[in-house]
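Protein chains in written order, with the working numbering: chain A, 2 to 189; chain B, 2 to 79.
No lab work stands behind these hints, which were simulated from the structure alone.
Heads up, a few of these hints could be off.
Said to hold, decoys possible - With a cut-off of at most 20 Å between alpha-carbon atoms, the simulated DMTMM-like pairs for lysine to aspartate or glutamate come out as follows:
hint : chain 1 : residue 1 : chain 2 : residue 2
1    : B       : K30       : A       : E179
2    : A       : K89       : A       : D130
3    : A       : K89       : A       : D73
4    : B       : K30       : A       : D69
5    : A       : K89       : A       : D103
6    : A       : K89       : B       : E19
7    : A       : K89       : A       : D69
8    : B       : K30       : A       : E187
9    : B       : K30       : B       : E17
10   : A       : K89       : B       : E17
11   : A       : K89       : B       : D20
12   : B       : K30       : B       : E19
13   : B       : K30       : B       : D20
14   : A       : K89       : B       : D75
15   : B       : K30       : A       : E122
16   : B       : K30       : A       : D103
17   : A       : K89       : A       : D158
18   : B       : K30       : A       : D118
19   : B       : K30       : A       : E131
20   : B       : K30       : A       : D159
Keep in mind the model is a prediction, meaning the values are calculated, not measured.
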Amino acid sequence: MTRVAVAVILAALATAAEGFRASSVRPARPLARRSATHMRLLARPAPADDEAKAAVATASAATQAATDFRNDGAFAWMLPYMEVIGWKPGQTLYGAMPVHTDATVVVPPAAVAARRDAAAEALQNIGSDERARRAQLGTAFAAVALVYATWASLLADDGGLTGHLLRLGLVVPLFLAEGFQVSAEEGL
Amino acid sequence: VAQAGLWDVDGTGLAEIEDATLARAILAKVNRMNMATGVRVGGAVAVFAALPHAQAAPLVVAALLCGALYASRDKIPT
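For reference, chain B alone in the conformation it holds in the complex:
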């Protein structure tokens, strides 16, 4: 919504950011965030896709283990 100079911060729904300088600052921050996210994810997936099958499969098994540990956090009594 920053692309249109809007925000939704006060509980009254989407509204125009009246201060154009602030709207531009938020837009710049959003654009930087989107670019950084795209580069990070694109790079990681490109490397993952380029790996040979024999190396990608163990990586996914490791990711599954990490995912299972994350999902079980706070659920195992100590």
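For reference, chain A alone in the conformation it holds in the complex:
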């Protein structure tokens, strides 16, 4: 009787394990979402062993690193909004907002190359004019934050929950102030 019970329990455990394994296997991505590199890898014959697989993966990653830019960072969700706002080639940043590039201004190719080299070396993506504008914006938003904090704390705060929530609203102007200031300092 005991043996029968043990056999039943083992069979149940095996079934459960198989079910768990099947449910934990990730479904394959649709072909349309696979990158060109991935498709080339799929077309190749299967490598003979794990070492060969690793070599192929490394080579593929290196090739992709040199040719592809893909944003998979924490702020990649912003991408769909960027073109709507107008952050795209052909525009110029003016206080972080896009304006049409002045086509009458011609920058010599040598100056373009020199500025790009300097930016690449310093890991920066905005120029000195835009950095100065952002520093001014940072100061302006700091003043706004101070005015808001004064109003929220000294005038509108009734000592209750509303006062705490109003003071929490300081996060918006203060984030803009600090964000523009740091952006100006870092050139990003």
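Mind docking chain B on chain A? Use the hints.
Frame of chain A; chain B shown alone:
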């Protein structure tokens, strides 16, 4: 603009960063900067919002004084 792999550094407007490795390095730096700024500002504002009214008000008065001193820098003849 780093999110889209663009930069505006040479006076010709926004342009794609042709070197993907460089674009990724700038993106990583921007993301670190944004996260650090968010944590710094969020933490400071959370503390400020959590303070009782009696403690928040003097803090704001002190900030006003600092702001006034900053605004008047280089304007007072010595």
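Where does the structure disagree with the numbered hints, that is, which hint numbers, in rising order? 14, 16, 17, 20
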